[in-house]
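**Q** Here is what each chain is made of, one letter per residue.
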Amino acid sequence: MSSTHTHQLQSHSSPTRSGGISASALAREFKGGIRAVDGIDLDVAPGEIFGLLGPNGSGKTTTVEMLVTLLLPTSGSASVGGYDVVDNAGDVRMRIGVALQEVALDPLMTAWDHMRLQCTLHGLTRTEAKTRAEELVKRVDLLDAADRKTRTYSGGMKRRLDLALALVHRPEVLFLDEPTTGLDPHSRAGIWDEVRRLANEEGVAVFLTTQYLDEADALADRVAIIDRGHIVAQGSPHELKARIGDRSVVVRAGAEQAVVVASVLSTFGHASTAADGAVRCQLAGAGVDLTVIVRALDAANVNVESLSVHAPTLDDVFFAETGRPMSLESEAV
Amino acid sequence: MAFAVRRRPSPPAQFRDLTLRAIRSTAHGGDAIALPIVFPLLIFAINIEALESILLVSGFPTGHVADFAVALTFLQGALFSGIACASRMASDIESGFIKRIALAPVSMPVVLGARFSSVALVGVLQGVCYLGASLVGGATVAAGLGGVFVIVGLAILFNVTFASVGILLAVRTRSGEAVQSLFPVFFVFIMLSSALMPRNLIEAGWFRDVAKSNAVTYMLEAIRSLFIRGWNAQALELGAGLAVGILCLTALLSLRGMRRLMVTP
Amino acid sequence: MSPPFFIITMLFPLIFLAAFSGALSPLFYVEGFSYSQGYTAFVYGFIILQAAAFGGIFTGYSTARDFDIGFASRLFLATPRRAPIIAGYVGVAVIRSLIAAMVLTVAVLVGGMKSRAGFTQDALLVAMIVVVAMIASLWACGVAMRIRATRGGPLMYTPILVVLFSTPVYVPSNLLRGWLGTVIHWNPMTYMVEGARSLLAGADHAVGRGLGYGAVLLALALVWALLGVRQAERSTW
Numbered sequence: 373m374s375s376t377h378t379h380q381l382q383s384h385s386s387p388t389r390s391g392g393i394s395a396s397a398l399a400r401e402f403k404g405g406i407r408a409v410d411g412i413d414l415d416v417a418p419g420e421i422f423g424l425l426g427p428n429g430s431g432k433t434t435t436v437e438m439l440v441t442l443l444l445p446t447s448g449s450a451s452v453g454g455y456d457v458v459d460n461a462g463d464v465r466m467r468i469g470v471a472l473q474e475v476a477l478d479p480l481m482t483a484w485d486h487m488r489l490q491c492t493l494h495g496l497t498r499t500e501a502k503t504r505a506e507e508l509v510k511r512v513d514l515l516d517a518a519d520r521k522t523r524t525y526s527g528g529m530k531r532r533l534d535l536a537l538a539l540v541h542r543p544e545v546l547f548l549d550e551p552t553t554g555l556d557p558h559s560r561a562g563i564w565d566e567v568r569r570l571a572n573e574e575g576v577a578v579f580l581t582t583q584y585l586d587e588a589d590a591l592a593d594r595v596a597i598i599d600r601g602h603i604v605a606q607g608s609p610h611e612l613k614a615r616i617g618d619r620s621v622v623v624r625a626g627a628e629q630a631v632v633v634a635s636v637l638s639t640f641g642h643a644s645t646a647a648d649g650a651v652r653c654q655l656a657g658a659g660v661d662l663t664v665i666v667r668a669l670d671a672a673n674v675n676v677e678s679l680s681v682h683a684p685t686l687d688d689v690f691f692a693e694t695g696r697p698m699s700l701e702s703e704a705v
Numbered sequence: 065m066a067f068a069v070r071r072r073p074s075p076p077a078q079f080r081d082l083t084l085r086a087i088r089s090t091a092h093g094g095d096a097i098a099l100p101i102v103f104p105l106l107i108f109a110i111n112i113e114a115l116e117s118i119l120l121v122s123g124f125p126t127g128h129v130a131d132f133a134v135a136l137t138f139l140q141g142a143l144f145s146g147i148a149c150a151s152r153m154a155s156d157i158e159s160g161f162i163k164r165i166a167l168a169p170v171s172m173p174v175v176l177g178a179r180f181s182s183v184a185l186v187g188v189l190q191g192v193c194y195l196g197a198s199l200v201g202g203a204t205v206a207a208g209l210g211g212v213f214v215i216v217g218l219a220i221l222f223n224v225t226f227a228s229v230g231i232l233l234a235v236r237t238r239s240g241e242a243v244q245s246l247f248p249v250f251f252v253f254i255m256l257s258s259a260l261m262p263r264n265l266i267e268a269g270w271f272r273d274v275a276k277s278n279a280v281t282y283m284l285e286a287i288r289s290l291f292i293r294g295w296n297a298q299a300l301e302l303g304a305g306l307a308v309g310i311l312c313l314t315a316l317l318s319l320r321g322m323r324r325l326m327v328t329p
Numbered sequence: 378m379s380p381p382f383f384i385i386t387m388l389f390p391l392i393f394l395a396a397f398s399g400a401l402s403p404l405f406y407v408e409g410f411s412y413s414q415g416y417t418a419f420v421y422g423f424i425i426l427q428a429a430a431f432g433g434i435f436t437g438y439s440t441a442r443d444f445d446i447g448f449a450s451r452l453f454l455a456t457p458r459r460a461p462i463i464a465g466y467v468g469v470a471v472i473r474s475l476i477a478a479m480v481l482t483v484a485v486l487v488g489g490m491k492s493r494a495g496f497t498q499d500a501l502l503v504a505m506i507v508v509v510a511m512i513a514s515l516w517a518c519g520v521a522m523r524i525r526a527t528r529g530g531p532l533m534y535t536p537i538l539v540v541l542f543s544t545p546v547y548v549p550s551n552l553l554r555g556w557l558g559t560v561i562h563w564n565p566m567t568y569m570v571e572g573a574r575s576l577l578a579g580a581d582h583a584v585g586r587g588l589g590y591g592a593v594l595l596a597l598a599l600v601w602a603l604l605g606v607r608q609a610e611r612s613t614w
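Residue numbers (the numbering used here), protein chains in the order written: chain A, 373 to 705; chain B, 65 to 329; chain C, 378 to 614.
No lab work stands behind these hints, which were simulated from the structure alone.
Don't take every hint at face value.
To be verified - Lysine to any residue pairs mimicking SDA-like chemistry, simulated, CA-CA at most 25 Å apart:
#1 B:K163 <-> A:D478
#2 C:K491 <-> B:I87
#3 B:K163 <-> A:L679
#4 B:K163 <-> A:L555
#5 A:K530 <-> B:M326
#6 A:K502 <-> B:I87
#7 A:K521 <-> C:I446
#8 A:K530 <-> B:W270
Turn these sequences into a full structure, and let the hints guide you.
**A** The following block contains the structure:
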């Protein structure tokens, strides 16, 4: 005789009792003393899209694996869907949907086969499984390919199926680990639309890790930037960018003139020189007149090769917190 | 907005669907059905002709080579099937599919049991084929119809035992290559046994001692006894008992390893 | 050379040797068993060629693995000539087989095997090993070139093992009857095995036929391999 539990979405912002994620001083140390995650605190409310943004190797996947109960934390605590990830791992797993970085599908199974198996593993009856499978396969636009074995699928199709599989049991919390890595723009947009719909219409708390700035910017209600296992900044994308200031200017004038350029620009804000000699300056405030900057460079006899102006990005936020641009970190690894 | 009614999943339904999946992947690869049946039968067909002179060795226990040689066929078949089953498990671990299963509310005994079921089904097929071939080759089952069922039962048991050893290695090493490397290891055990000559007729003392300490010898003798002698409780108890012992030990260790796979400490 | 393959190339023949000579030695006393050098030498004559064949088969595995990891495509793009590609793989097989043969020979001599082979017979035995290694590796490479994946493994070794075991493995040919007794006379490998055994007995009268058949098989295997290379090339382009 099976017991049943019914959960209703509660419309308060506290993440702990039903739905949502809460982590306190969560840490994970591996052999050799490597602290991949070094004491992070975060909260995700039901219906919220939370983005964990960071370069490769910053601790995003380790964080996800702890929250989805695949990895035991070394210290700290976390609860998902109101249940502790260590003491009540089974209850957590019943309430979460997970799409990990590696899309692990059985190449010999069709989309229908995958859906059927996933439904059975999560306790859906045959009838429920059939209905749910049809609904989700249609929703992720795989109806035409659903009878084919997944070894014939493109990367985008596999990711969409992975997302559908994570949703069969209507999870309260959805974990997406770099869900659009390697996808074409069309597939990416499709996944973004579905994630927004899940959060807005179904009240699912979405925990999304990404190394793409535009993804975090466009999708997340709140973002935490992680670097070397630490959260260095947390807030809405707008709040984080506002902290940085208004704009930044990048001037290229040849490596031999970099010192002069940096000296000139430092009067307008915080300037730093990159290895290739380009000087970047975070302007102090919105009122800085670009014409004044150009005149100041001219007065210092600088031969400007290029000058570009950038609105603040999350990369700027990362740079401000760590002294390194996140985009280069992601490329380098 | 309401979330799903959280119903406890049904282990029998999970077992059924995981077994179906395991059978599907088994049926797809030639290494899991065709090879475990065809190759041992080829060797059997050659051996019953090539070893005919063995009947002239004084004290040989039977008048038909097939009665004697068929036992090796069963063990060779178990070797191939067991490794194929374990390779499928290793593949799931390497690809991360096992994590997908782990994140569902399914218990590890159900996952392992499904794997065992698929290789057990292959064992039924193998048992029937080898039995048929042995009868065509001139063998008789001294233990009668009941013995036929026990022979098929032993085929299932040996398949699952070999698979269990392979799965333990797959879980520990998380590598398909490591599982494949079990082939020569199992092969050594099979060859250094009473596969080719009854223990009491082996001349070389060292070989006789090695065969005596080898669990595979008793598995061979368990099957062989049903063809040649009929019901021999000691042979059956030893052969089946050793297989069950190895199976239980390796399965328990595999379950422990699988729990570590599902939640890395 | 991959360590696991290398170890298996040596391990399998040693195990067969131990099993056959250890378990089946009573067959030596069966009436009509016509070989004077003892049962160990009798099985050694088969196993030394089996070891050579294994060396060839595992080279085929290596070739298939090169396709799996994408290295083979680079190889084909790097050179316009097919023969050197095959020669490389075959060369490795021969070296592997000779090392395995050396280990096997040391093992049987330490175990007390009797042999009347002189220098000429030894040289001819080495020639037979090389020929069998080349045949097996060319066959296996040809399969690897066509399937271009390690899942072709069973197709590499099954025919070779069937051919090997359809020779007088456990007893001389005069003691074999039935369909096997007929098949062995049609099997070219039978003459190579009997040739190897005659060399160990200090004679070489059976060697000529063995090496002759070996040469024919070698030529056929070479054609098979080169056609396989051509097929693999087309798939690369």
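**Q** All hints are to be evaluated individually against the structure, with a verdict given for each.
**A** Hints, one by one, checked against the model:
no.	hint	in the structure
1	B:K163 <-> A:D478	holds (12 Å)
2	C:K491 <-> B:I87	violated (52 Å)
3	B:K163 <-> A:L679	violated (49 Å)
4	B:K163 <-> A:L555	holds (22 Å)
5	A:K530 <-> B:M326	holds (23 Å)
6	A:K502 <-> B:I87	holds (22 Å)
7	A:K521 <-> C:I446	holds (23 Å)
8	A:K530 <-> B:W270	violated (57 Å)
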